[in-house]
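Participant: Residue numbers (the numbering used here), protein chains in the order written: chain A, 1 to 316; chain B, 1001 to 1305.
By construction, these hints were calculated from the structure, which means they are not laboratory data. The structure displayed is predicted, hence computed values, not measured ones. All the given hints hold, so there is nothing to weed out.
Which residues of chain B face chain A? A partial, calculated answer using Cβ under 8 Å:
#	residue
1	Lys-1056
2	Met-1059
3	Phe-1072
4	Glu-1082
5	Gln-1086
6	Pro-1097
7	Arg-1105
8	Phe-1113
9	Pro-1115
Among chain B residues calculated to face chain A with C-beta under 8 Å, some are:
#	residue
10	Leu-1061
11	Gly-1073
12	Pro-1081
13	Tyr-1100
14	Met-1101
15	Ala-1112
We put the CB at the ideal spot given by N, CA and C, even for glycine.
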Amino acid sequence: MTIAPTIQTAERSVHGVRPQMPRPRDVLREHLHAIGYALRVPMLIAVALGVLATIILAIQIGSGDLDYNFLTQPSVLPGVIGALLPVAMWLREERFGPGFLWTLPVDRRRHALLKTLAGWLWLMGGVTLFVLSLLVLALVSGGGVLPVQTMTTLTDALRLSGPVNPAALQTVQWTPGALIWAVPFGSATALYLLASAIVLGIRYLLRWAIVLVFLLPIATGATHLISRLSGNEWLADMPARALVQLVEGRFGLEALLTLRTWSLDNRATLTTGERIHVWSSIPDLADWRTAALLWTVAGLLALWAAASRHREERRA
Amino acid sequence: MTHPDSDVGEFAVATHGLSKRYGRKLALDEVELRVPEGSVYVLVGVNGAGKSTLFKTLMNLERPDTGAAEVFGLDTGGSGPEVRAQIGYVPERQEAPYRYMSCARLLRHAAAFYPAWDHAYADHLARALGVPPEQRVGGLSKGETRRLQLVMALAHRPALLLFDEPMDGLDPLVRRRALALLAEHLADAPTTVVISTHHVQELESLADHVGVLRGGRLVAQMSRDDLQRTVRTYELEAPEGWEVPKDLHATALRRSSTGRDMRCTLVGEERDITGRLLAAGARVRGSSTLALEDAALAFLPEEPS
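With the rest of the complex left out, here is chain A (with noise of 0.2 Å):
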């Protein structure tokens, strides 16, 4: 009772014929036009939100309040929705599981990264009108694109502890290179790529969160343990050393975002009782160009790990 086949010689048979494939880059403008289409009402709430802070800013111009410098801080919005992007993107999608985007016929790894490039293009898009717009309004208002800091430092960071003697106190002046123009598109990135891999890769988000949320306890207990019992005092506070080099380290994720501007402007308090500013040292744009380079590499070997997840399944 073997079968034979019904249409030996079918009209079209496809044994050995190759199939269309669709191009990457009709995939990867799918993608575009896709995430476009996604994101249209959040991007439409943005633009609101730009056009009422240029309504204010233009208000505060016309009447002299607003002297605009370009600095660093404002960078911190890309560098969050390069994080939030990739949720948007992603959380849509069957990530794991027999989803829609699986089913077609596009290597599913290659596919997973066509569609985070896809993200990441869009991402730079709103990102360059954002750094054009502080450009503009810098230049509108009579500030500097690449403006001249003037900086108070401590000749010794230990002394703010304490009343800091004026003395001991020396005005310096920075000025920042055209490269912190690259600082909201390289803390976007990274974040994007760190982002994209953590949406890819985990399938229990909610499950891994709650686990970082007591990891940090349970190794602080365990790392005071054995330092108790090994008498190395070192030890104790290990963790948590850890997670304020990670985000306020010479390349944490702060020195990624801001410069470290953030850590690096403090408030003291002078024996005279005055209270002002003082930076504990000058931003780096070296250290950010690090900064930004080791957490793109973190992020692109992240990704790829993520996506490697997605890949095919293939027998040896």
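Fit chain B to the known structure of chain A by using the hints.
Facilitator: Chain B only, in chain A's frame:
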């Protein structure tokens, strides 16, 4: 009762010892599927028999634990994208993706991935099936979603259609229209179809081959003619306490008895079966063929009374 064939190149779909386990549940058990090119192959099985798992494996959405599958001679594991390019897939779930898109936008989205997408044909199918183009996908009923899935599966005129319970959720009128469209589609371009359904009678006019999955095993696979020729109901007169011979038990599918009269559905060549029944002491009063659905369902376990 599957029929492996070494001449795999002639088949649109061929699987070789395909097995898949989810935890303790064996979803597929050494499945040797053979779907001739150009045929309409109806896959029958109760819920959980492994039909959807088989489809997902063919789409390379699931990795088999052992065995392999080929679609038009391409290994589904090694050439997933090329295989999927030739398949129009309607999944069991009636959930369309991207609920925020309009139906027309979703169709344009899908079209971008299939160079062979026929826009005019997609419009024709959408109109014929009553898919509302401007309606948001998230606002579609289950039936409308199913119709949209059918348009997406057919519009690129794939060489192979994998339909997993495609008529579920459709009202009788739309079912009839969908089947008519499928028949038109098959007439326009010879296409291989593997379709799983609980309503075999609806496909009676289209089906060429039938496979029956039971507990992950492909327990029967044959052409429609063979199925209807070999699965027959026999009316017997047998002594009290008479049992179907053990060598026929493997193929003795269903039986009912009243005193000395007995009816049983058996599979095999009629002459051979009749001879064996006579030799075992039963008198065969007659035999009759079954409708396609009854013949296929005869391989499934009887419902507990």
